[in-house]
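Participant: If you read the protein sequences in the order shown, they are chains A and B.
Residues in the first sequence are numbered from 1 upward in steps of one, following this note's numbering.
Residues in the second sequence are numbered from 1 upward in steps of one, following this note's numbering.
Any given hint could be a false lead.
Computed spacing ranges between beta-carbons, pair by pair [stated by the list, open to error]:
| hint | chain 1 | residue 1 | chain 2 | residue 2 | range |
| --- | --- | --- | --- | --- | --- |
| 1 | B | P357 | A | P44 | 45 to 53 Å |
| 2 | B | L256 | A | Q140 | 36 to 44 Å |
| 3 | B | F46 | A | Q140 | 30 to 38 Å |
| 4 | A | S22 | B | K332 | 49 to 57 Å |
| 5 | B | N405 | A | S139 | 48 to 56 Å |
| 6 | A | G143 | B | D442 | 44 to 52 Å |
| 7 | A | V23 | B | F99 | 43 to 51 Å |
| 8 | B | N451 | A | P44 | 37 to 45 Å |
Just so you know, these hints were derived from the structure itself, not from any lab.
Each residue gets a CB set at the ideal place from its N, CA and C atoms; glycine is no exception.
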Amino acid sequence: MSNAVRLERLCKVFEGRGGTGSVVAVDDVSLEVKDGSLVTLLGPSGCGKTTVLRMIAGFEAPTEGEVFIGDERITALPANKRRTSMVFQSYGLFPHMTVFDNVGYGLRIRKVPAPEIRARVRSMLELVGLAGTEGRLPSQLSGGQQQRVALARALITEPRVLLFDEPLSNLDAKLRVQMRLEIRRLQQRLQITSVYVTHDQDEAMTLSDQVVVMHQGRIQQVGTPQEIYSRPRTLFVADFIGKANFLAGTVRHVEGGRADVEIAQGRVQVPAEGFRPGDMVWLLLRPEAIGLAPAGAGRWQGRIAAATYLGSEIFYEVMVGGQTLLVKVGHPQGATPLGASDPVGVAFDEGSLHLVPREGTA
Amino acid sequence: MDGLRKILREPVLAATIGVIAVSLFLFVIYPLFKVFQMSVVEDGRFTLHVYGDLLSKAFERRPLYNSLLLGTLVALAGTAVGYLFAFAIARADVPWKRFFRVLATFPIISPPFVLSLAAILLLGRKGFITRMLFQGQWDPHIYGLRGLILVETIAFFPTAFLIMLGVLQAIDPALEESSLNLGATRWQVFRTVTLPLSIPGLASSLLVLFVESLADFGNPIILSGNFHVLSVQAYLHITGMVDFSGGAALAVILLLPTLVAFLLQKYWVSRKSYVTVTGKPSPGRLSVDPFTRRLLTVLCLGVSGLILLFYGTVVFGSFVTLWGADYTLTVKHYVSVFLIGGRYLRDTVILASLATPITGILGMIIAFLVVRKQFVGKGLMDLTSMLTFAVPGTVVGIGYILAFNERPLLLTGTAAIIVLLFIFRNVPVGIRAGVAALQQIDPAIEEAATNLGAGSGRTFATITLPLITPAFFSGLAYSFVRCMTAISAVIFVVSGRWNLITIAILGLVENADLSQAAAFSLVLIAIVLLALGLIQVGVGRVATSQMGYEAAG
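Looking at chain A on its own, in the form it has when it is part of the complex:
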C-alpha cells in the first residue's frame, strides 16, 4: 500500500468574522509527496504552509481541491480516521498524563491490549532515547525530551503519514540542530512519508528530500535543496533562501543555453534556460560566489564600504558602480581584514550566475 500524499488544487479561504472580508490562505496548491520521502513546506509566516498541513491532517476542510493518501481520497475523512500523526510546535503533550500514558494514548484509543501497549511504549521510548521516563509528567521533562515524547506518541500508532508543524521552534539553537538530525535519521530508518512545515531554511535544507517554497498561499518552487538554492525560479525564492545580490538587467542575446545580459556594470554571460532577448531579469550573485582581488585585478573595481567579522568568515559590503555587493570571504586565520574605503577588485565565475524574471517597467 502506497502512502504517498497527493494534493490536488487545494484552496482554503477563511471567511472573515463580522464582514471583515475573507482571506485566501491557500491558493491552488498541487503537490505530490513520494512514499517514504520527507517534504518540507518552507515559507514566511502567513504563507499558508500550516494551513496545508492542517488540511492533510483533517483539522481544516479545503474550500476546494482534494487530498489523497495513496489511492485513497481522504478529503472528507474525519481527522481521527486519517492515520496522519502530527507533531505540534507546542508538542501538545497531555499535561495530566505521564509519559507512558501520553505515548500509549493512540494505542489505548485503538483498544490495543494492555500488555502489548506496555511493550510497544517501552520499545518506542528506547527508539527515541527516553527509556526510563515512563512515570514522569511532561512538565518534569526538558523541552528536547518533551519533543521526543511527542515524536514517540506520533510514531507508535504506525501512521501512514507523519506531519510536523514547526516542531523545533521552541528549542534552543544547539538542540534544534541535534533534533533535526535525529528526526531525519528516524524518518529514513522507518521510511515514513513525512510533511514538515518550517520557516527555517537551514532546517528545510538539512531535512528534506524535496523543499516546497510557499509565498502568499501559492507554491513558488518545488525541488531538492540544491535546486532550490542554486537554481531558484523566482525572485522570492532567491531572496528567501540564503543571501544574494540582485542586479537588474536585460537579456540581449540567447544562444546555446547561455544568455547575454546587460547590467549597469557591463555585459555578462549567464547560464540560462527559457529566456528570450528583451526579457527583464534579475541577475543573482551569491555572496560566497564572489571573490576579492587586489585593486586593479578582477572583473570589476570597487571600494569596501563596511566589514562584518563573524569569526569563521567576513562579510564585506563592496561599492561597485553605485551598487552595494555583499561578499562573503572565508576568513584566513591571522590575515588582516580589509578596512573601510580600501580599493578592491571583484571577481566571480560567470557559471555561478543565475537569472530570475524581473517584473515591472524599465
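Since the structure of chain A is provided, determine the placement of chain B on it from the hints.
Facilitator: For chain B alone, coordinates are given in the frame of chain A:
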C-alpha cells in the same frame, strides 16, 4: 531586618504601610474578632454554651444542614450549567455567542434579590404562571429549597461560566487536536483530554459557588419560607430577637465552611491547575458535530430564555397596577420611586460614589505594595485584605455593629460606617485588578524611574498608576456595582438617617408591594448600567467582562 531598614529610609512608604495595616486591622480583623468574642464570652467569662444550645437540638441544627445542602446543590447545578454554557461558547461554535454572553452578565450586575422577586411574580401564590396558566391548580412551592435552588442557580451560574470559559480558552488547542489526530472520536477527546483538564477549574467553580450560596442573603430572606438558612437566621436572631450572642454564634458557624472552601480554593485547587501556554494561535478550535451543537444551542437558549423571562417579568411587573389582581398598565410605581424613594436613591448614590474611588485607590496601593515591595507582614496584609471577599456579608455586618457601637469607635448610625463597610468589603476587587495589571508591567520600567531619581511615591504616581489605569477603572466599575447592590452586610448598619435602596426594596417585597419593588429594582439597575456605561466610555474597554472575571476569581 534589612527590609525594615530599607523601608524606614522611605518615610512615605513606611507611613502608607502603617496606615493600611492599622485600617485593615480595625475594619477587617477587629469586627470578626468581635463576632467571635460575642459568641464565646458571657458576663466576662469564656463559655461555649451558645454553641451548645445551637447545635445540641436537631431543630436548631437545621439552618446549618439547610445552608450546606443548598450550597452543595447550587454549586453542582450552577457549575454544570456554567460549564455547558462555557463549552458551548468556547468549543461548540454555537450561534449568537455575544447574545448569550451578555445575558450571562445580567445576574452579575443586578441586585441579588431581583431573581427572587421575579420568581414570586411568576410562581408565587399570586404568580403569573401559577394563576394564569395553571388557574391555581398547581403550587410550585417556590418558598423553600426548590425556589432557592432555581434562583441561586441562575444568579451564580455566570460565575461558573466565566471561570470555565477562562479554563477552556487556556487549553492549548494542540492538546485536543493531538487527541483527535491519534484516533480519538470527538467524545473521546472530551472525555480523555478536555474534561480532565477542566477538573481543577470545576473544583474551583464548585467551591466559589458553594461560598456564594452560603453567603447569599437577599434571595433566602425573600424566598426561604420555612427552609431556614444560616445567613437569614443570624440576621433574625439579632434584629428580631435581639439575641446578639446567638446571632454571632450562627455567624461563626456560617463562617467556618465558607473559610474552609475559600482556603481550599486559594491554596489547593489553584495549585493544581494545568495552565498550558499555547505555542501559536491556531486558526480554529476543534468543534463538535452538528447534533451536539444544536443540543447545546437549545440549552443556551433555554437558560437565556429563563433569564429573559425573569428580568422581563420584573420589567412587566413594574408597570402593572396590582400584580395578581389588576394587570392594567401604569407608571405610578415609577412616580413613587422618585416621590417616596428619592431619599434612598440619593443616599445610595452618594455613599457608593464616596466609597468607590477610595476603594479603587486603596486597592491599587495594596496591590502595588504586595506585588512590588518587600516588607514585614506582607503576606498577612495580602491575606487580610482578601479575607472580606470570603467572609459572608452577614458575618461582616454583625461584626460592624458589634465593633463600632461604643466610643471611641462609635460609628453606628453614621454615613461613615456604611462607607467603610463598602470600602473594606470591595477592596479585594481592586486588589485583584491591580495585582493582575501590575504583574503585566515589567519592574524594569519602575526601576528606570527610581534610577532617574524618583522616590517610591513619585514612581507610583507618575509611572505605575498611569499604566494600571484600565485595571483601576474596571475595579471601580465593579466596586460601584457591588456598593449599589449590596444588602447582606449593610442591612445591619443602615439607619434612619442613612438608608439604602436595596433595603427599601426588601421592605417592599416583605409588604407584598411587588410592583413597587420591581420599579425600584429597575431604577437601581438603570443607575448601575448608566454608571458602567460612563466608566466604560471613559476607559474605552469592556469593564463587565473584566468584572465578571474578578467576581469569578
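Participant: Name the hints, by number, that the structure is in violation of.
Facilitator: Per hint list: 3, 6 and 7 violated.
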